[in-house]
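Chemist: Add chain B to chain Y, keeping to what the hints say.
Residue-level listing of the chains:
Number of protein chains: 2
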Amino acid sequence: MATVAGHLSLDDIASAADRDLNYETPILRLLSTSKAKGYDTVCIPLTNEKWRARWKKMCLSPEDEAEKDDNTERISEAWRSNPAFLREEVNVTRLDEAENTIVMLSDWLELDSQDEWVRCDAETALMQELSYASYLNVLVAVLPPPRNRAHIPSYARAIRACLEKIPYMHLSVRVPVYDPVIFQPVTPTPRCGSPSPSIDSLVASGVSATSSRSMSFPHTTEEEFNSTWEMWDVIRTICESHPRLSLTLDLSPPLPLTAGVLDKWLAEPTRQIFLPASTFIANAKSYPVLPKGTQAFIREIMKLQPTIILSGTNTGQHSRGGEKSYFQYIRHLEKTSPGVQAMKKSGTVENFAIGYQDYLQAPLQPLADNLQSATYQTFEQDPIKYANYEEATFRALLGWPKTDERILLCVAGAGRGPLVARALKAISRAKREAFVHVVEKNPNAFVTLQERQKTEWRDQVQLHFGDMRTLELPDKVDILITELLGSFGDNELSPECLDGAVRFLKPDGISIPSSYTAHIAPLSSTKLFNEVRGHEDLKKPETPYVVMFNAVNILSGEGGDGNTGSRIQECWEFVHPTKNVVLNERGLPVTNSHNSRFANLNFHIPHAGVLHGLAGYFEAILYGSVGLSIHPQRKDYISKDMISWFPIYFPFKDPLYLPGNSELHVSMWRLTDQQRVWYEWYAEAFLPVMIPVLDWTVDRASASLTAISTPLITPSPTIDALDVPPVVNKTEIPRIPNESSRTETRLVKVGQTALHNPGGRSSWIKL
Amino acid sequence: MATVAGHLSLDDIASAADRDLNYETPILRLLSTSKAKGYDTVCIPLTNEKWRARWKKMCLSPEDEAEKDDNTERISEAWRSNPAFLREEVNVTRLDEAENTIVMLSDWLELDSQDEWVRCDAETALMQELSYASYLNVLVAVLPPPRNRAHIPSYARAIRACLEKIPYMHLSVRVPVYDPVIFQPVTPTPRCGSPSPSIDSLVASGVSATSSRSMSFPHTTEEEFNSTWEMWDVIRTICESHPRLSLTLDLSPPLPLTAGVLDKWLAEPTRQIFLPASTFIANAKSYPVLPKGTQAFIREIMKLQPTIILSGTNTGQHSRGGEKSYFQYIRHLEKTSPGVQAMKKSGTVENFAIGYQDYLQAPLQPLADNLQSATYQTFEQDPIKYANYEEATFRALLGWPKTDERILLCVAGAGRGPLVARALKAISRAKREAFVHVVEKNPNAFVTLQERQKTEWRDQVQLHFGDMRTLELPDKVDILITELLGSFGDNELSPECLDGAVRFLKPDGISIPSSYTAHIAPLSSTKLFNEVRGHEDLKKPETPYVVMFNAVNILSGEGGDGNTGSRIQECWEFVHPTKNVVLNERGLPVTNSHNSRFANLNFHIPHAGVLHGLAGYFEAILYGSVGLSIHPQRKDYISKDMISWFPIYFPFKDPLYLPGNSELHVSMWRLTDQQRVWYEWYAEAFLPVMIPVLDWTVDRASASLTAISTPLITPSPTIDALDVPPVVNKTEIPRIPNESSRTETRLVKVGQTALHNPGGRSSWIKL
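These protein sequence lines map, in sequence, to chains Y and B. Counting in this note's numbering, the first sequence runs from 32 upward without gaps. Counting in this note's numbering, the second sequence runs from 32 upward without gaps.
Chain Y with its partners taken away, still in its complex shape (with noise of 0.2 Å):
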């Protein structure tokens, strides 16, 4: 369940105020409240208006300078170099007071204001604020947002700074979903050490849903939707993706909220969302509801389990409903969200995945290591796959033509036997005389066959102990059954080990399956990042991972401009059986270079994001119209609710900052010696610039010419020749611009993200 904050105000405290001798003090009694009206917990304001006039006082210029005294230095001057508040200044005192509630520090603070000593003297009131905080053992504080753009590195060191000093606790910067400013007119930015520093510039608790009826927005683009988000991604990158750095997401901006902008925040540590009572609007029986955009966008961040902090419930902004209308509205949101739902509902993959989401796993190499019987068992409960692959069996038994001779099939890597069972289904479904080869290498497995064989399956089919890629069969066979895919399709060599299975094939034989292709689209997650950086200790940085993705975000959008391709994007394709391979004397490939791969893929990126790395997914065809896929788009069409594979992760080493309405090329390559199979792969941004473009002409017969006429002095053969006209721009080559100067879009490239996996190592597949 959706956990779920009361937001206590100034005004709340206050007149919870001795009226109760039950409790010892306001806030435990509000704490009581809170509780009894089925919150989970509170967020508190540590400081109240009395601190915020000394602060003042002391740190901001008076605007009347005759005001200005050197007490007041001097006073400023003792508390910085020694800051502590007076009691009175905060609202919690105790540590049961504090105890599991989220505190939000001083929001007036301006780290980021114009002038640079309010920056250093706000600087200095956070920290008291948070080793306050800590001294009562606060969990989780809610730092004052950012709100000017030019000073948001100053803001993302000071924050840094805190995080080095605080420990324990978790840091969450409060950010607006917009810059509110862009669906207003224009207000200018408060001025360095204004008295009054407000937050209702960027936080906009003022403008309300119901205030402006009819709103302008000029000259908003996709950089101005993006501004707060490029505050945020500021100071996680300066803070390094920090593992106590949270954000809290404001989302009292009252647009109607679209998906596709907000995705954004579904890939960062989003882990409380600030949701006012003003963000409501009322439906027609004058109940509080949210916009459509923020219902689905809420819906669908609630996989990542925030807080929710509800705030201003009791103030009466909605006619009908009362005060716990907000917050059912919330269970309402849960109960109807497709996500939360699935992992409800039991037979999902994200049922399934449960304890997984953002786990970093090792592929497994089925072809080296010798699985366990509970791997197998594990994988056996799929109820999709095995269904799909005996109904393409069903079906290319069905196609195949009747004559006197019995069909032979082959399960090669048969495992503990379960695509034999559905082999043997098919055969019976179909009606058609036929017979299995069984190939297994795993010693143990084929102990595990062998009792099948006794007990289900008897002369129905034979067992062969071996290899696929060196065994001989005593006979070729008509259908060769396999199961080697990776959540890549080919990262577990099926390739490899097909090229040794088809030896058993009849020259016009199936495979099933008779083809799969790998897709891969660029992926955001802050969470894959710190988990993938947390395994580099363990020098395991170069490497894929098989992940059920959940906090993270596909950068990509539907391209189709020409230049760039769709969202998610195939890389390549295996058939099977391979056609045009040279063969040694035993029938297999003389080098393994046939199963070398390469894609260049260009991805068009509508928003801002930072790229971390590649996600992976794999469709392969059984037979016909029968096949398997995890592609996020088609997978529900192809086979909903397989739980065989989540998808594959390929990391990125350093994070690449791509602007909204860039290109992103891929290179990727599947890589291949004698020993071993192995992924590298590389992106470069690009971004579409209009720029003058000049004709021009240098005339160096004109330069020599004029050479070859002047008289020269010294006959040295070190002199110089006078080759072009003297140039006039220092740093350009001389140009003569003919007739007028163009515009033209070209593709600016602007930067690029080194390749991870340098020839593999840790990654390699053993062959």
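If you're looking for bench data, these hints aren't it; they were derived computationally from the structure. Among the clues, some could well be false.
One copy or two, it doesn't matter: identical chains are merged, so the pair holds either way.
[Stated by the list, open to error] With a straight-line cut-off of 30 Å between C-alpha atoms, the simulated DSSO-like cross-links for lysine-lysine are: (1) Lys196 - Lys366; (2) Lys334 - Lys66; (3) Lys456 - Lys295; (4) Lys196 - Lys797.
Modeler: Relative to chain Y, chain B alone:
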């Protein structure tokens, strides 16, 4: 002296065969004649046309499909599984032939071919050639040039694999300064697997300076002039700036060159310059000379001590001077290279710095550590610094009002006493009655001071042992002389020390220096990046270094469009004596917060490059117009040949790619607490982009009217309100464009490099 290599062509090798029985092989004969001509070494092609013919037959599809046969493919696969040369395919077979030579690999290998299989086979061939060269102990191999931008990642990946497999050998990528295609009618990219790959399309040996008298360059932009560097940048990046990866800059492209666009090559590991006779033009006497731009560039790059490979000098391209004249011309350029000459001339900082170019030194901490006598001795050798201090003191004394009282001076931080001696000299020159108090906290240096007082200064001075921040003097002085400056001005804590020492000064007293400023510029240097990375193993990544720059390039240009400043920009200033500081009862500041500083600087980046760090400089005003400066553009006017300070280097951990015509926003902090001072730095890149801007409106009013007028069936409090009309564009906020759309130029963020220095640690300067 610059190393000059003679390039041997296949014709040279052919014509040397079987002519002279004094030499065992033609190559040994050519080595001997090259040496006789004055060349330091030769550059030999490793393979010949026989190898090229075999490789083509094996690896390229025949033009005529009918020629295709299974047997060829069988031969190719055999080669792929075990690549090897035949004796007659290589020019070099003996260790003594290869000794100390540069070997050029088959330049027709297309590692970046459009055809995936050609790329694979070219990589196999490259590895075969390198393996053979390694067998012959070759130390430098020149690789085939990159040609095809679309497949440079594949080229780079292959080189990286070679660097990992081949030990010891330096691999040098041959890169033309420009893509000559931009100076020619556009030729189509060679087709996939075309039977005859040619290097002419990029390495413009075919375009001689005399072949076209007037050239037209349509559509040429910064990006196109940059294209070969951009290819090199991908290679260097994918190879992670491997220390054995270097570059052979090919100066074949014929355009007269000017410095600005070429400076980028100074920041790269440019180890060889390939200079064909065709690049030379004829002077009035018909001797071969280089165009002015090329001259200037070679003079400049000689400071990196590259090997100059002269080619085609025996092909009679110029009517006078003969083969020797090219060689002599190179020696002439060397003699007129300002960098080389400055290094040779004693008394210059370049000469003083020999052996220290690009060598990282930890900045001194004279406050925390007591310096050695030898360190004092080194710095006392400066011919300029002490002269300027004497002159400043002299002028301050002259300007001091004449009264009956003698003028009191104080030299604080006197070290071994050089400034005391100069102060006494200035007093004697100014013919004023004066007395000098001398303060020093280094107990060892204080012994030297006592020695000098006894033998030189006698009763002209009084010595005081102690820290100027705590010591008390018997009298207040008129002139306070200190030299506590670091390469960045304040980085040896001059401001903090002077906060203490100004207590010695009368209210109207003079401080020498009276002020100093810190300056930075964005820097590119693969060398320094690798040096810092080397230090990273020592866990010292977070500190600035003192370093004499050599293989570097300042990326900024003169801005001045209003948005960006100059090439080198001032961060901040310290003025002494400081005003308006709150002091405690002992006259010392209560906190050090007044010595914190911040700068936010915008640089114009005219040409694409990779940012590795910031170059830092200082400038000080001693008194009036007498100063000290290591600012590259001003030092020669203020304190020419001063040797005491090399620049400072603030490295970034992650390099940042900067597109041409971008803006770099740098944040720089000087931070302080009660125990220490440190710097932090951060950079963000922006690109001005013309984008369409729409004026638009979302009319909430009508939407909410719609909602009210629609009868709802279910009275549930959680049912949706109909907020806005359905959104058509899924990834965009609904927008209704008003009137015509316009374009505006906006700054789009394209990248950032994270704060390198998270609050100090190794970079703390101890107070």
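Chemist: All hints are to be evaluated individually against the structure, with a verdict given for each.
Modeler: To see whether the hints hold, each was checked on the structure:
With identical chains, the CA atoms of Lys196 and Lys366 are never at most 30 Å apart, being 41 Å at best within one copy and 58 Å at best between copies. In the homo-oligomer, the alpha carbons of Lys334 and Lys66 lie at most 30 Å apart inside one protomer (24 Å), although the nearest pairing across protomers, at 75 Å, exceeds that limit. Within a single copy, Lys456 and Lys295 get their C-alpha atoms no closer than 47 Å, and across copies no closer than 69 Å, so neither meets the 30 Å cut-off. For a Cα distance limit of 30 Å, the shortest separation of Lys196 from Lys797 across copies, 18 Å, qualifies, whereas the shortest one inside one copy, 46 Å, does not.
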